[in-house]
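Numbering (my numbering), first residue to last: 21 to 325.
Don't read these hints as lab results, they were simulated from the structure. Virtual Cβ for every residue (Gly too), placed ideally from N, Cα, C. Hints may be right or wrong, so weigh each one.
Once the Cα atoms are required to be at most 35 angstroms apart in a straight line, the calculated DSBU-like pairs of lysine-lysine come out as [claimed, not checked]:
no.	residue 1	residue 2
1	Lys322	Lys301
2	Lys322	Lys304
3	Lys297	Lys89
4	Lys256	Lys297
5	Lys301	Lys325
6	Lys256	Lys304
7	Lys325	Lys297
8	Lys43	Lys89
9	Lys315	Lys304
10	Lys256	Lys149
11	Lys315	Lys301
12	Lys89	Lys304
13	Lys256	Lys43
Okay, the calculated beta carbon distance ranges per label pair [unchecked claim]:
no.	residue 1	residue 2	range
14	Gly165	Gly249	34 to 40 angstroms
15	Ser179	Ser58	18 to 24 angstroms
16	Val313	Leu106	40 to 46 angstroms
17	Lys149	Ala323	30 to 36 angstroms
18	Pro131	Glu170	29 to 35 angstroms
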Amino acid sequence: MTPIFRFDGIYTPVVTPYHANGKPNWDALAEVVEFLISHGVHGMISGGSTGENYAQTVAERVELAQFTKDRINGRVPLVVGTGAMLTADSIALATAAREMGADAILLASPPYAVPTDRENALNALAIDKAANLPVMLYNYPHRTGTMMGEEFLDRVVRSRNFCAIKESSGDINRVHLLARDYPHIQLGCGMDDQALEFFAWGAPFWVCGGSNFLPEEHVALYEACVVEGDFAKGRKIMSAMMPLMRVLEQGGKFIQTIKHGVTMNGINAGAMRAPLKGLNKDDKRALEQVTRVLKSTIADIKAGK
Numbered sequence: 021m022t023p024i025f026r027f028d029g030i031y032t033p034v035v036t037p038y039h040a041n042g043k044p045n046w047d048a049l050a051e052v053v054e055f056l057i058s059h060g061v062h063g064m065i066s067g068g069s070t071g072e073n074y075a076q077t078v079a080e081r082v083e084l085a086q087f088t089k090d091r092i093n094g095r096v097p098l099v100v101g102t103g104a105m106l107t108a109d110s111i112a113l114a115t116a117a118r119e120m121g122a123d124a125i126l127l128a129s130p131p132y133a134v135p136t137d138r139e140n141a142l143n144a145l146a147i148d149k150a151a152n153l154p155v156m157l158y159n160y161p162h163r164t165g166t167m168m169g170e171e172f173l174d175r176v177v178r179s180r181n182f183c184a185i186k187e188s189s190g191d192i193n194r195v196h197l198l199a200r201d202y203p204h205i206q207l208g209c210g211m212d213d214q215a216l217e218f219f220a221w222g223a224p225f226w227v228c229g230g231s232n233f234l235p236e237e238h239v240a241l242y243e244a245c246v247v248e249g250d251f252a253k254g255r256k257i258m259s260a261m262m263p264l265m266r267v268l269e270q271g272g273k274f275i276q277t278i279k280h281g282v283t284m285n286g287i288n289a290g291a292m293r294a295p296l297k298g299l300n301k302d303d304k305r306a307l308e309q310v311t312r313v314l315k316s317t318i319a320d321i322k323a324g325k
């Protein structure tokens, strides 16, 4: 079955820059959008966890999504995140996504409630009905407490809108399951240190927080593996990126690290909303060193050195 929407390439879950008073920094957000487009990302996600959606009201999330859509102005697809603890909030976000003309929605399991597969599927179908847009599922059981299991997948795909999944379980067996048994759902990498494996199993897209500040390098891996089919080159690029993955994933400071990376590029991403705090000097120094080596190494690989 041909999907109603193709997710291809690098999709950036956009950060939310803030002023010191905690209000969104609209000028900085506009700069982030322009930076990402000019450096080759293929789509953006507004209202993901990298954008600190858990610390925002529904009204704020809608305002941020509308602003992002207006700045993109049709140049790349916009996916609007609908993840929320309350189904009513997710439906409100899905409705807003439809009304603003978003290209798709990102749909995660509601956190903390731990619904059964059947309950989770009925919840997802209600959100889908409100949006009536292409859906990228988001399976992240470490954060939601719920795995989007086979019963869930079998139920939701009765709606053709469910055409992709961002798989963030970290279980490589899930990659095998999705690639083999659910080929009609586009497989997307949501676990950064497994990007090479996802591409080897035919994933056409990667949702990667690090592309907020290193878009060219993330695009380079996608192009090597998916566009060129050159996995020898892809392994070299992935090897160069692994130190970054360790900094991002193993320090428990994912969003803080991403936002500092954006600030390193000259765009003031600001602080995080509570309860998160910024990086210390050692963390910043480590990121700066890793980034410097990564950019140089991948530039040499792309140049054939």
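Each hint, compared with the structure:
{"no.": "1", "hint": "Lys322 - Lys301", "verdict": "32 angstroms, holds"}
{"no.": "2", "hint": "Lys322 - Lys304", "verdict": "27 angstroms, holds"}
{"no.": "3", "hint": "Lys297 - Lys89", "verdict": "29 angstroms, holds"}
{"no.": "4", "hint": "Lys256 - Lys297", "verdict": "34 angstroms, holds"}
{"no.": "5", "hint": "Lys301 - Lys325", "verdict": "33 angstroms, holds"}
{"no.": "6", "hint": "Lys256 - Lys304", "verdict": "25 angstroms, holds"}
{"no.": "7", "hint": "Lys325 - Lys297", "verdict": "40 angstroms, violated"}
{"no.": "8", "hint": "Lys43 - Lys89", "verdict": "19 angstroms, holds"}
{"no.": "9", "hint": "Lys315 - Lys304", "verdict": "16 angstroms, holds"}
{"no.": "10", "hint": "Lys256 - Lys149", "verdict": "43 angstroms, violated"}
{"no.": "11", "hint": "Lys315 - Lys301", "verdict": "21 angstroms, holds"}
{"no.": "12", "hint": "Lys89 - Lys304", "verdict": "31 angstroms, holds"}
{"no.": "13", "hint": "Lys256 - Lys43", "verdict": "41 angstroms, violated"}
{"no.": "14", "hint": "Gly165 - Gly249: 34 to 40 angstroms", "verdict": "38 angstroms, holds"}
{"no.": "15", "hint": "Ser179 - Ser58: 18 to 24 angstroms", "verdict": "36 angstroms, violated"}
{"no.": "16", "hint": "Val313 - Leu106: 40 to 46 angstroms", "verdict": "44 angstroms, holds"}
{"no.": "17", "hint": "Lys149 - Ala323: 30 to 36 angstroms", "verdict": "50 angstroms, violated"}
{"no.": "18", "hint": "Pro131 - Glu170: 29 to 35 angstroms", "verdict": "21 angstroms, violated"}
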